[in-house]
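Chemist: Could you put together the complete structure from these sequences and hints?
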Amino acid sequence: MEGHSTYQPKSKVAQWFESRLPIVGLVHSSAIAYPVPKNLNYFWTFGAILSFMLVVQIVSGVVLAMHYVAYAPVSFARVEHIMRDVDYGWLIRYIHANGASMFFIAVYIHIFRGLYYGSYKAPREVLWILGVIIYLLMMATAFMGYVLPWGQMSFWGATVITNLFSAIPVVGEVIVQWLWGGYSVGDPTLNRFFALHYLLPFMIAGVVGLHIWALHHVGQNNPDGIDVKSVSKDTVPFTPYATLKDVFATCVFLLFFCWFIFYIPNYLGHSDNYIPANPMSTPAHIVPEWYFLPFYAILRSIPDKLGGVLAMFAAIAVLAFLPWLDTSKVRSARYRPMYRIFFWIFAVVAVGLGYLGSQPSEGIYVIVSRIFTVYYFVHFLIILPLLGFVEKPKPLPASIADAVLARHAKGGATVVAGAAAPETK
Amino acid sequence: MAHTETSQKASRRDFLYIATGAVGAVGVAGMVWPFISQLQPDASVLALSTTEVDISPIAEGQIVTVQWRGKPIFISHRTKKEIEEAQKADLASMRDPQPDADRVKPGKDEWLVVIGICTHLGCVPLGHQGAYDGWFCPCHGSVYDTSGRIRQGPAPLNLALPPYAFTSDTKIVIG
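One line per chain: the protein sequences are A and B, in this order.
With the working numbering, letter number 336 in the first sequence gets 336, and the count goes up by one each step, no holes.
With the working numbering, letter number 77 in the second sequence gets 77, and the count goes up by one each step, no holes.
These are computed hints drawn from the structure, not numbers from a lab.
Below are the SDA-like pairs computed for lysine to any residue, each with C-alpha atoms no more than 25 Å apart in a straight line:
| hint | chain 1 | residue 1 | chain 2 | residue 2 |
| --- | --- | --- | --- | --- |
| 1 | A | Lys38 | B | Tyr17 |
| 2 | A | Lys305 | A | Val368 |
| 3 | B | Lys71 | A | Asp85 |
| 4 | B | Lys71 | A | Arg78 |
| 5 | A | Lys245 | B | Gly24 |
| 6 | A | Lys245 | B | Ser11 |
| 7 | A | Lys245 | B | Val26 |
| 8 | A | Lys245 | B | Arg13 |
| 9 | A | Lys245 | B | Phe15 |
| 10 | A | Lys229 | A | Tyr335 |
Modeler: Quick look at the structure:
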């Protein structure tokens, strides 16, 4: 998209450099002059928050790796060494451990914002799929990171998740042995998980680069889900408008983050992980980290090993097909009265699955889990494709500027005159 | 613009910019410090800061190497000849002049305790070698005498003395 201004190097040195590597111009066009729809709300700050969290996790993680040792007999003690002996080691570890949860809180808000405002629809399908890939990489990274302290939850979490692959017919057992580097989870598993846990965040950073590239190529979606028609009327420059809004939102998010780090650093963890890994004894109640719970509930709700594993992976994979499953041409739920209702039902079902995943797999919980699992897939595979044909969307505003002015007119009467005369294109 | 005069004076906006920037700078500095501080020797390293050595098994003329804070410490049980050479050496000819009496504990002339790291570039010198029969560094040829003082070669300073004390006639504590 054409921006608000273009970068013109003034000094001779800057001109010399720009003609050889136009990186300053790239930064200028994508972070300063880049046109941002006027009507973005605070849900659009989570992309910046997520970028920030990725940096936080990489910086704190690199520092932790300086003190950690991936060797099964000592890894548990090394984490305690970080907590007790290393200067501010407790702080850096709590930043990293809670940072993972904050990362997922932010990404879930980011995903649900995309679902609500139809950010996955044309021309943003590739952008959306890159997001699903990032989400998958995040899950793999978080899972392998949780194994590194080598506590009871680390060990048995690794055992359960790697055993998922044993459900694959014929080659399952062999694949699991390859993952383990042995006949059970052990030191070789820990070592390779550490290597991959260090690698994957940089792969995430690479895909984030593609994600932002795709975003800046097609332009941001917005709460009204309509295209930018006039850069001068519908958008504002990224700097200072979006930059400062992102910084402010990140600061508020940091307050929330700090509350966890300094007041309840172990709230999102599991006390059993402060018991060293014991391959001879499984904890009585084993649950994954909270951000995996909805998928864990789907896995457990299906009374068949292979079926459960397939359903769990399908629950994530279905997101990648969403741009084609949703047949409605209207993006934003603001103008889709029926979709808005189904969106909230889906949100309740997804959070409900998370709750069910944390409960023991017995009695009423099993039955409700099954109903919710079925609904999860019905939402994507039946409701969304049909809704596009059944639903009658509300009329869309003529432009982003019209939508903004109309909303202001409701609040104060002074700008009614401007809104009453929608420009003709 | 209704308030053109504000563009000349410091405005509320200027104040807010500076106040926000200041708070942000303090916050960033406060967050950067733990990440620098963690690079320091941690508590488990500091816990190893003293080493106790029983020197009774060290025979006259023998040099023993012990470890203190990860560094080699030479404990030399000097012979009469070595002590004499160290005490009579010509200070004026030395690069880093220091009388032998300043390099040993009073009344313990036979015990020389030095950090076994060449002051040139950190290699460990070899004992009972070189022109002065003290130490010789194999890396770049620095020669030390029986008091661990630099006599030849590129090293600028004498072998350093660790902090240590005799807790009894047969025990020293380094650090």
